[in-house]
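**Student:** Sequence:
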Amino acid sequence: MNHYSCLLTYFSKYFNAPQDGSKVLVKNKVTSPFQNKSTLFQLSNFISKMTIADTWDQRISAFLLSPSQFLATTTSESFLAEVLHELRNDKANDQLKILLVSMLLEHPTILCPSSTVGEETALELLSVFSHTPQKSIILKCNVMLAITNVIICTSCLATHTKMAEDWLDLLFQTIQDTNDYRCGVSQQPLRATACDCLREMETCNPGLLSQKLEALYLLKQQETTVLHQSYCMLYTLGLKNAIKILANQKDVTDLEFKSILGGNEGFAWKTNQLGLTSLPINMMVQVPHLPPGLDCKELKSIMSSLLEESYLLTPISQSALLRELVEVVAMVPGLSPTLFKSQLLRLFGTADVSLMHATLFMKDTFTDSLFTGEDENFLLKRLVSTAQHPLLRIPEKLFYMECILHFPENRPISSCGEESLPVLVTPRLAASLHPTVFNDSATMLCRLNLLCLVHLEADEGEADKGIDYLFDHIMALLKIVDNDSSREVVVTSFRALFIFLMHFNGIEQLPEKLIERLCDMYSRHSRLAPNLIGLADRIQEHLDDPVWSVKLLRGLQKCIMEMPPLQLTIHNLSWHLKVLRRVAKEGQITQKNTIYLLLNVLINSNLCERGNWQVGNAVLAVCRNLLEHPSIDQTFIELADLLQYISVHYDDTDIKDHARFYYTLLTNLSWEKLTGVLVKGLNGGRTKERSHSAIMAESEGIASNLTVHKTNRHVLQLIKVHEKAFQSSLESSEPLETMEEARNWMEVYQGQFQTPGFGSEVILRYNLTHAKESDPLFNEVFTICLHFELRDSNYAKVNDIHVPCVFKDRKPPAVKVKLKPFQPYPTTLRLSAIFTTRDGRSWHSQLPDVSVSFPEIFLPLPLPPNTPCECKEQVFDSIWEAAASGNPDKSATSLFCFKTGDESLTTLIETHFQGYLITDQPIERSWKVLFFLPPMCHVLLKITQAEDAVQVSIATDNWELLPFVNSYLQNITDHCSATVKDG
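In this note's numbering, the protein residues as written are 10 to 992.
Everything labelled a hint here was simulated from the structure, so no lab data went into it.
Be careful, since some hints might not be right.
What the hints assert, rightly or not - Calculated cross-link-like contacts (lysine-lysine; reagent style BS3-like; alpha-carbon spacing at most 25 angstroms): (1) 267 x 309; (2) 820 x 729; (3) 144 x 100; (4) 806 x 820; (5) 729 x 781; (6) 665 x 729; (7) 781 x 820; (8) 522 x 567; (9) 390 x 474; (10) 601 x 665; (11) 522 x 587; (12) 665 x 594; (13) 474 x 522; (14) 560 x 601; (15) 488 x 560; (16) 309 x 350; (17) 817 x 829; (18) 817 x 729; (19) 350 x 390; (20) 719 x 817; (21) 587 x 560; (22) 682 x 665; (23) 899 x 881; (24) 806 x 827; (25) 567 x 587; (26) 306 x 350; (27) 488 x 587; (28) 781 x 817; (29) 144 x 171; (30) 488 x 474; (31) 309 x 259; (32) 594 x 560; (33) 781 x 829.
Claimed, not checked - Using C-beta positions, here's what the derived DEER-type ranges look like: (34) 641 x 847: 26 to 32 angstroms; (35) 906 x 164: 29 to 35 angstroms; (36) 478 x 398: 18 to 24 angstroms; (37) 780 x 323: 57 to 63 angstroms; (38) 819 x 164: 29 to 35 angstroms; (39) 553 x 400: 40 to 46 angstroms.
Bear in mind that the values here come from a model prediction, so they are computed numbers and not experimental data.
Glycine is no exception: its CB is placed at the ideal position from the N, C-alpha and C atoms.
Between the sequences and the hints, there should be enough to build the whole structure, so can you do that?
**Tutor:** Structural data, given as structure tokens:
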């Protein structure tokens with residue numbers, strides 16, 4: 010429902026009026042619904058609130074979608090000020106304020122770019138927090154999170170600002186209301202949020218709470234509500250960080266150790282210099298330790314208490330708690346891992362993934378110090394049974410499969426970190442994990458990999474049975490593929506085949522049977538060519554001996570040779586040519602049969618008459634690989650006949666030219682020189698800079714041989730030309746004599762905009778020069794094409810600019826960049842160039858971005874040349890009066906003041922406003938200045954020198970320009986103010 014329909018509904022409800030706005034008859038009296046003033050006041054407030062809320066919804070959505078694009082039309086300072094002002098607005102509802110706070114949660118550093126701004130923003134939010142009523146508990150929680158986020162992200166916490174200290178005190182006071190004795194149950198979410206904020210600050214500043222552990226422990230003990238979990242997690246994190254700080258120190262005494270556990274002082278601000286991080290996953294590597302012999306009775310009691318209470322926590326919190334406690338035990342030699350013994354039975358039976366992960370982390374850390382051989386065997390059986398549980402989701406099953414593959418054994422055989430099978434995983438234990446065709450793709454591939462490892466390490470009798478089962482499984486998958494299955498099944502089947510071959514390629518019979526089966530399938534389904542080529546390539550990459558790949562490719566070549574002519578259709582031929590192109594790369598395979606087949610197909614069909622470019626290009630791709638084949642001497646005559654036949658009979662000029670070129674290379678170069686011309690570099694580029702191998706088949710990687718090269722650094726740059734006096738190029742379409750007869754110059758001025766495109770462009774002048782550090786290769790560049798890309802939507806597309814040449818030792822050419830603003834805001838243009846060097850090569854280079862500042866968009870008042878000053882002043886006064894009266898709606902006025910001397914002010918006027926002056930009255934110490942900003946915006950200044958300062962009255966017909974105007978005036982007057990102060 011839009012605003013208009015809401016308005017009509019409101020009328021109908023409160024006035025019994027028809028929704029067409031007509032008058033109604035009440036007791037024989039004709040009355041208007043607009044006579045009820047109190048209701049009209051309520052209605053206006055309703056509409057006002059609705060409009061403001063909708064506006065903010067749109068602005069918040071735009072900011073969260075793209076902060077940089079949103080801030081292109083304003084500044085972060087002004088937008089932040091608007092957000093904070095709206096948060097202080099008592100009339101705004103909580104939902105809108107929560108949305109406003111979400112921007113500070115998502116992008117705090119964009120809205121608060123410095124520590125000073127962050128501290129000021131946090132103070133403003135603290136004021137909002139204190140004035141928010143208690144019933145708005147959700148809003149208070151969000152503001153609390155926003156304050157913490159701003160303090161952390163803007164380094165207020167790291168630099169120990171007063172605001173951070175006060176906020177920490179307030180958070181700690183909030184969590185001291187245990188069991189809601191003081192504020193009631195309704196404020197319970199506030200305490201939970203305070204605990205989360207303290208945990209976040211302790212995480213970012215490890216050791217911050219190290220001197221408050223006793224107080225935190227007492228609060229944890231006193232808390233009996235559901236928030237006991239939050240207090241427990243907060244205390245455990247503080248305890249772990251405090252012990253790690255001690256472990257990084259030298260010569261720790263019992264007194265220092267006990268003082269940490271019984272600390273109840275202020276916050277420890279100096280510990281943040283340590284930059285502590287979490288312990289590594291492999292706990293055996295670089296774990297800091299406390300010195301042995303410390304009295305750990307109190308710490309042991311605390312650990313036991315935490316473990317006893319852990320079952321009250323949620324699974325995720327239990328997992329985090331266990332990890333923290335494991336790290337504590339690993340750092341304190343006086344604590345035994347047997348502390349966790351009472352928890353193992355509960356953890357072994359858990360169905361939660363996070364708890365199982367914590368258990369395995371514990372297992373990897375303490376090995377046989379905590380887990381016996383029976384425990385290890387039981388845990389492994391538990392993982393095997395859980396990995397096939399029917400109620401688990403696929404990601405969870407895959408997790409348990411990975412846990413089996415990477416199971417932390419008490420006595421691991423290998424410690425290289427590679428995928429290896431635990432010793433306890435026998436074929437009997439893993440029998441239930443055999444893959445089936447009914448498994449999903451991920452589960453089936455994971456099971457297949459596991460079972461391949463199992464049977465690879467098994468005894469000979471069990472191994473043979475297992476391998477036969479897996480081979481039958483692979484053959485079943487290939488049979489499904491043979492029955493025209495989906496793409497997913499095809500991909501899964503070939504991945505399974507790759508896994509099987511990676512483990513069992515050394516067995517003699519099975520790989521041969523697979524090759525026969527694959528060739529048989531290809532004879533019926535030529536669309537499998539990419540899968541077969543990919544399989545051969547991957548096997549060659551991962552195996553030292555490429556025998557199997559060569560046998561597969563030789564079998565595919567034989568299969569294609571033996572196909573009946575009816576199967577060599579245009580569609581199938583394209584797949585066959587891809588296979589033959591790959592076969593031609595293998596030096597161990599003879600290629601005479603391939604050449605005979607191609608020549609036979611071209612002679613006995615109408616392919617040459619049809620002139621299909623794709624088919625001809627595929628044939629040439631095969632020929633190109635044949636040119637590089639080591640046995641080219643044996644096929645020289647046949648290949649020459651094939652290329653000559655194509656160059657004469659194929660009905661496509663491009664294919665003929667390529668065939669003729671290949672024929673010339675074949676008949677005039679030795680094999681060594683021929684391969685040197687055609688070979689490509691390791692990175693896919695050409696080995697020789699001037700090689701002709703760029704003239705090749707498209708499917709062979711022509712994209713990697715493009716003739717446009719990329720530079721490594723900037724070659725050219727645009728340098729702004731600073732003009733002494735601005736001369737407007739705008740001309741009126743009417744002669745001056747006719748316009749002088751007009752009485753109202755404002756009508757004349759506005760009438761000019763009826764001409765399409767009038768006053769819509771800004772022309773910026775630059776010099777195109779070489780960059781400071783450029784390669785001598787680019788001292789002379791020709792036919793430069795400059796391409797501009799916009800970073801926002803405030804300007805129309807900028808046309809490319811063409812420059813004939815740029816020589817480093819000559820005067821740089823002038824370049825005019827024409828901008829057509831939709832909104833006259835500052836912007837940045839991305840710039841690139843394509844040019845040619847003297848050696849004939851083409852290059853693409855990124856140039857430094859071109860920044861367009863706000864004053865660069867200024868144009869003088871677009872009136873005809875030689876227009877009298879009185880006429881310009883008339884137009885100025887008319888625009889000023891309209892802006893001051895609020896017409897149009899976006900009009901606004903403002904005031905800017907600064908101090909300066911008489912000479913400095915005169916210099917300022919001449920330097921910055923000379924081309925935009927409307928009136929110049931130095932005796933009266935007043936000036937009028939007008940900036941025109943396309944497409945039709947105005948900024949008017951009345952500059953008056955008073956006794957103590959200079960006043961600049963500002964009027965504009967677009968209030969969104971005021972922040973930019975204020976920044977501009979601040980920049981140009983800073984020097985004047987500084988001069989006065991120095992004087």
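**Student:** Take the hints in turn and mark each one as holding or not.
**Tutor:** Verification of the hints:
1. 267 x 309: holds, 12 angstroms
2. 820 x 729: With a Cα-Cα distance of about 15 angstroms, the restraint between residue 820 and residue 729 holds, given a limit of 25 angstroms.
3. 144 x 100: holds, 16 angstroms
4. 806 x 820: violated, 29 angstroms
5. 729 x 781: holds, 15 angstroms
6. 665 x 729: violated, 52 angstroms
7. 781 x 820: It holds: about 15 angstroms lies between the C-alpha atoms, which stays within 25 angstroms.
8. 522 x 567: holds, 16 angstroms
9. 390 x 474: Distance ~22 angstroms between residue 390 and residue 474 Cα, so the pair holds.
10. 601 x 665: Roughly 22 angstroms between the alpha carbons, so the hint for residue 601 and residue 665 holds.
11. 522 x 587: The hint holds at about 24 angstroms.
12. 665 x 594: Answer holds: residue 665 to residue 594 is near 23 angstroms, not above 25 angstroms.
13. 474 x 522: It holds: about 17 angstroms lies between the C-alpha atoms, which stays within 25 angstroms.
14. 560 x 601: holds, 17 angstroms
15. 488 x 560: Roughly 21 angstroms between the alpha carbons, so the hint for residue 488 and residue 560 holds.
16. 309 x 350: holds, 14 angstroms
17. 817 x 829: violated, 31 angstroms
18. 817 x 729: holds, 18 angstroms
19. 350 x 390: holds, 19 angstroms
20. 719 x 817: holds, 20 angstroms
21. 587 x 560: holds, 17 angstroms
22. 682 x 665: holds, 23 angstroms
23. 899 x 881: Roughly 23 angstroms between the alpha carbons, so the hint for residue 899 and residue 881 holds.
24. 806 x 827: Holds, at roughly 10 angstroms.
25. 567 x 587: Holds. Residue 567 to residue 587 sits at ~14 angstroms (cutoff 25 angstroms).
26. 306 x 350: holds, 18 angstroms
27. 488 x 587: With a Cα-Cα distance of about 24 angstroms, the restraint between residue 488 and residue 587 holds, given a limit of 25 angstroms.
28. 781 x 817: Status holds; Cα separation ~11 angstroms.
29. 144 x 171: violated, 29 angstroms
30. 488 x 474: Holds, at roughly 21 angstroms.
31. 309 x 259: holds, 22 angstroms
32. 594 x 560: holds, 13 angstroms
33. 781 x 829: Outside the cut-off at roughly 31 angstroms; violated.
34. 641 x 847: 26 to 32 angstroms: Violated, since residue 641 and residue 847 (Cβ atoms, about 38 angstroms apart) do not stay within the stated range.
35. 906 x 164: 29 to 35 angstroms: For residue 164 against residue 906, whose Cβ atoms are near 34 angstroms apart, the range 29 to 35 angstroms holds.
36. 478 x 398: 18 to 24 angstroms: About 22 angstroms separates the Cβ atoms of residue 478 and residue 398, which means 18 to 24 angstroms holds.
37. 780 x 323: 57 to 63 angstroms: holds, 59 angstroms
38. 819 x 164: 29 to 35 angstroms: violated, 50 angstroms
39. 553 x 400: 40 to 46 angstroms: Distance hint for residue 553, residue 400 holds at roughly 44 angstroms.
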